Amino acid sequence: MIKRVFAFIDEDAKKEIRRNLLKAVAIPGYIVPFSSREMPVARGWGTGGLQISLSLLQEDDCIKVTDQGCDGSVNAVNIRDFITSVSGVKATVNTRDATIIQTRHRIPEHPLTEDQILVFQVPYPEVLTMVEPDMAKQKQIHADSDYSKLWVLLYEDTSQYGDSRISNRYPVEINSHYMMDPSPIPKYDIARLNNSPALQLFGAGREKRLYAIPPYTRVTPLKFNDRPFIVEDFKGKSCKRCGAEGIFLDEIHTTGSVHYFCSDTEFCDNKLKEAKDAIER
Amino acid sequence: MLLNVKELTKVYGQFCADCLLLTGVEQNTTICPRCKSVIAINRVNFSLKGNEVLGIVGESGSGKSTLLQLIYQDIKANSGQIIYNGLSTTQDTGFDLLDCTTTERSFLRNIEMSMIYQSPTLGLNYLFSAGGNVAEKIIGSGERRYKVIRERVIRLLKRLELPDSRVDDYPDAFSGGQQQRIQIAKALSSSPKLLLLDEPTTGLDLSVQAKLLDLIRELQQEMSFAMIVVSHDLGVINHLTDVTMVMKHGSLVEYGLTDQILEDPQHPYTQLLVSSIL
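From first to last, the protein sequence lines stand for chains G and E. So in this note's numbering, spot 214 of the first sequence is number 214, and the numbers just go up one at a time. So in this note's numbering, spot 33 of the second sequence is number 33, and the numbers just go up one at a time.
Hints listed in this document are in silico derivations from the structure and should not be mistaken for laboratory results. Accuracy of the hints is not assured; some may be wrong.
What the hints assert, rightly or not - In silico SDA-like pairs for lysine to any residue, Cα to Cα no more than 20 Å straight-line: (1) E:6 with E:34; (2) G:149 with E:167; (3) G:237 with G:254; (4) E:36 with E:16; (5) E:147 with G:148; (6) G:271 with G:254; (7) E:211 with E:159; (8) E:211 with E:141; (9) G:149 with E:202; (10) G:149 with E:159; (11) G:187 with G:254; (12) G:240 with G:258; (13) G:149 with E:238; (14) G:223 with E:73; (15) G:149 with E:255; (16) G:149 with E:148; (17) G:139 with E:118; (18) G:276 with G:254; (19) G:137 with E:73; (20) E:76 with E:96.
None of the values given here were measured: they were computed from a predicted structure.
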């Protein structure tokens, strides 16, 4: 009988991923290449995040997987089930209970702690692709920290449309050196990357790249000194289900009307549960 | 002296020990007979004062443009020194461009000096608007306030006689002469101490040429930067420069005041060049 390896990936591959993660943490925002093994999921479906999660996993960990704030989406459920089946660790939807949170395109609403690791699934790791397609030149730009081309993009959007046209994947500067692609999180989440107590790791399986933001690191969006950074505005709107305000909402269009719901389903469920508990008491 | 160039050499090929001796004006070749390397620049020495305008003339393949590219760090020299004295902190010792790090190199290219290429396609990014191209250089020099950048872009383009209603148009929507003026606006936007011009008016209509040369001359006096102008057109050299050097086969043939060189050329090659003006 074949002995099954804990958490699917063999120890040598895990070692390679962990070593590259250490390098990524040591140089905040720097893109580190890694081997990106075959996973039983197609590349581009969260394999970067999955490999990071599996290589970090220990027996007493508790995993949460969320997809655009939703723990119940097909991808989130399947990745979560896969992780628990190959490792036997506990799974949760509760942000507070999780030690490792794998996420696609959102940061959970509930504030994270120093004991947690947030793992992002990244489709396009290189922030410069839209202004400089040449990979050798991209490396040089990162080395020189000379991002004037990204700034020109912001300048042109500002002069023609009044503000940047980038709605997600908004370029951020890490620790006053590297510009980084924060994965397609909304602008609302950008400020929440800054000074986070949790370690934030980013994995792009298809592109074979990973990078990191260590805890309590300065993260600033690309913006002119005399211009505000404008995020999604939900003023006067609240979740139709739980009534929450001032958080990131999903806009649902049905025939003739628009409804708003919490993007983070766990946050929404928790709010409802708290309200119910209060009534019962 | 703003710039001191000493024994500057650029070789394409394996660079054998005899390369430099077997090529040059006297040998009448740039190709080393032993190793077949091309000696593009052969031990060139010259210096440039604070707001002096230097012209470089010579036939095609004499190394004029290569020399300019070496100074602008587009290509790396094989040996020699390019001492830049424009940085106030290194006033006493000077700063060798050949020893600088890539960070220092981009600082020099973004702030201290600018290059205007013969073809606007080399100097402009056609994916950015005209204003964006100028803004790139201003941003590169460290400015991070939108209002300041925008105002400076519009002021510069206006100074170069481009209407401010066209600031956000893309370069390919402009005529050749206008594109060249965008390139000049971009080059001047960081207030450089040294401007390098590689055949700035070649390929332009004669009437446009004259206007552009006047404008460059005016701007040079207004902002008082040093210039190195490469041209094979002695008219351009006569119009713009104070000092001229003549190059042939990668070597310096003659060096002196522009009037002197044009009126009383000493070297046979310069005599030939001057006498062949149409």
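Now for the hints, and whether the structure bears them out:
1. E:6 with E:34: violated (25 Å)
2. G:149 with E:167: The given pair, whose Cα atoms are some 17 Å apart, holds under the 20 Å limit.
3. G:237 with G:254: Since the Cα atoms of residue 237 (chain G) and residue 254 (chain G) sit roughly 17 Å apart, the hinted pair holds (cutoff 20 Å).
4. E:36 with E:16: Answer holds: residue 36 (chain E) to residue 16 (chain E) is near 9 Å, not above 20 Å.
5. E:147 with G:148: holds (16 Å)
6. G:271 with G:254: Outside the cut-off at roughly 24 Å; violated.
7. E:211 with E:159: holds (13 Å)
8. E:211 with E:141: Violated, at about 29 Å.
9. G:149 with E:202: violated (29 Å)
10. G:149 with E:159: Answer violated: residue 149 (chain G) to residue 159 (chain E) is near 24 Å, above 20 Å.
11. G:187 with G:254: Violated, at roughly 25 Å.
12. G:240 with G:258: Answer holds: residue 240 (chain G) to residue 258 (chain G) is near 10 Å, not above 20 Å.
13. G:149 with E:238: Answer violated: residue 149 (chain G) to residue 238 (chain E) is near 38 Å, above 20 Å.
14. G:223 with E:73: violated (30 Å)
15. G:149 with E:255: Violated - the C-alpha atoms of residue 255 (chain E) and residue 149 (chain G) are around 40 Å apart, more than 20 Å.
16. G:149 with E:148: holds (18 Å)
17. G:139 with E:118: With Cα atoms ~28 Å apart, residue 139 (chain G) and residue 118 (chain E) exceed 20 Å; violated.
18. G:276 with G:254: Violated - the C-alpha atoms of residue 254 (chain G) and residue 276 (chain G) are around 28 Å apart, more than 20 Å.
19. G:137 with E:73: Between residue 137 (chain G) and residue 73 (chain E) the Cα gap is close to 16 Å, so the pair holds against 20 Å.
20. E:76 with E:96: Status holds; Cα separation ~12 Å.
Checked against the numbered hints above, the structure violates hints 1, 6, 8, 9, 10, 11, 13, 14, 15, 17, 18; every other hint is satisfied.
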